[in-house]
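Order-wise, the sequence lines are chains G and U. Residue 19 in my numbering sits at position 19 of the first sequence, with consecutive numbering throughout. Residue 27 in my numbering sits at position 27 of the second sequence, with consecutive numbering throughout.
By construction, these hints were calculated from the structure, which means they are not laboratory data. Please note that the accuracy of each hint is not assured.
What the hints assert, rightly or not - Restraint ranges, calculated between C-beta atoms of paired labels, are given here:
no.	chain 1	residue 1	chain 2	residue 2	range
1	G	52	U	165	55 to 65 Å
2	U	5	G	10	15 to 25 Å
3	U	147	G	11	39 to 49 Å
4	G	55	U	54	35 to 45 Å
5	U	167	G	11	22 to 32 Å
6	G	47	U	46	41 to 51 Å
7	U	46	G	53	43 to 53 Å
8	G	52	U	47	38 to 48 Å
9	G	7	U	25	46 to 56 Å
10	U	176	G	2	32 to 42 Å
11	U	5	G	42	36 to 46 Å
12	G	41	U	176	32 to 42 Å
Said to hold, decoys possible - These stretches of chain G come out as covered by chain U in the derived footprint (C-beta under 8 Å, 3 or more residues):
no.	stretch
13	36-43
14	46-57
C-beta atoms are modelled at their ideal positions from N, C-alpha and C, and glycine is treated no differently.
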Amino acid sequence: MKIYVNGERHEVSATALDAVLDELGYGGAKVATAVNETFVPASLRAQTDLAEGDRLEIVAPRQGG
Amino acid sequence: MVAFYGAEVSSRLMLGTAQYPSPAVLEQAFRRSGAGIATVSVRREAGQDRAGAAFWDLVAQLGVHVLPNTAGCYSVREAVTTAQMARELFDTSWVKLEVIGHADTLQPDPFGLVEAARILTEDGFEVFPYTTEDLVLAERLLEAGCKVLMPWGAPIGTGLGLTNIYGLRTLRAQLPDIPMVVDAGLGLPSQAAQAMEMGFDAVLLNTAVAKAGDPAAMAEGFARAVEAGRLAFEADPMEPRDMAAPSTPLIGKAFLE
């Protein structure tokens, strides 16, 4: 299915969020996620299924002021 | 010592972590300033990239409290979701809440700020709202559950210093027991000293240090100014007066006419 990852279209075969992260190369990375603008805690990724057209945001720690 | 949400911090200087020429310079700036709190953010991470982990390791080495921000968020929803992601990443309930209302001035959206502060407080966050010097807005933020306020000195990144002394003085006088941090707009150590002399509890800055020719030296300059200003406040300064008053006693002066 096609989803949006950080604003770009991606084709993924997995549906569960934790599997999608692995498929996209984020396995073990220190990241936080939101699906369709709603935060999804790491503890809920395995039971969160993505659907066609979903917007997934993947963020990590960065410099800030 | 100053305390924010029960956490005691030895330095009254807070430093941002953005815009330094290199991670090494960032580290030097923190070491020389003695800053006890570092602001950080969350941003999109590319798939194979591990930039987040590298930055996290650097911050962990600094041994400071971490204060994640919601910089760049214009809506309540965006700010709340960003804060929730930051809490998980940085493992802290602290958040420097920014809900921006205007793209040119980066001034806070007061209505969105109060709403987001209420939502986050109810969700267990300890909110440091980036706000203006407006007294009524400050009171609304306290009602929403904030126990710390961060009024701006001037718009972010301008280096203009304290542009509304009257407003800041009023805020300090009306809310004497609320920890308040002057955040944003400072360009020089003298401006930080001025804020501290007025009785603000701390200052937070980023650009003034990071964009200086020698960030580490400027960081130390700000640290000394913050200490000097605080000492002056605690020492109860003299009242200014219009006419001169001789400091040397007149009694006993030789009569030489």
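Quiz item: Looking at the structure, which of the earlier hints fail to hold?
Solution: Numbers 2, 4, 5, 6, 7, 8, 9, 10, 11, 14 - these are the hints that the structure violates, sorted from lowest upward.
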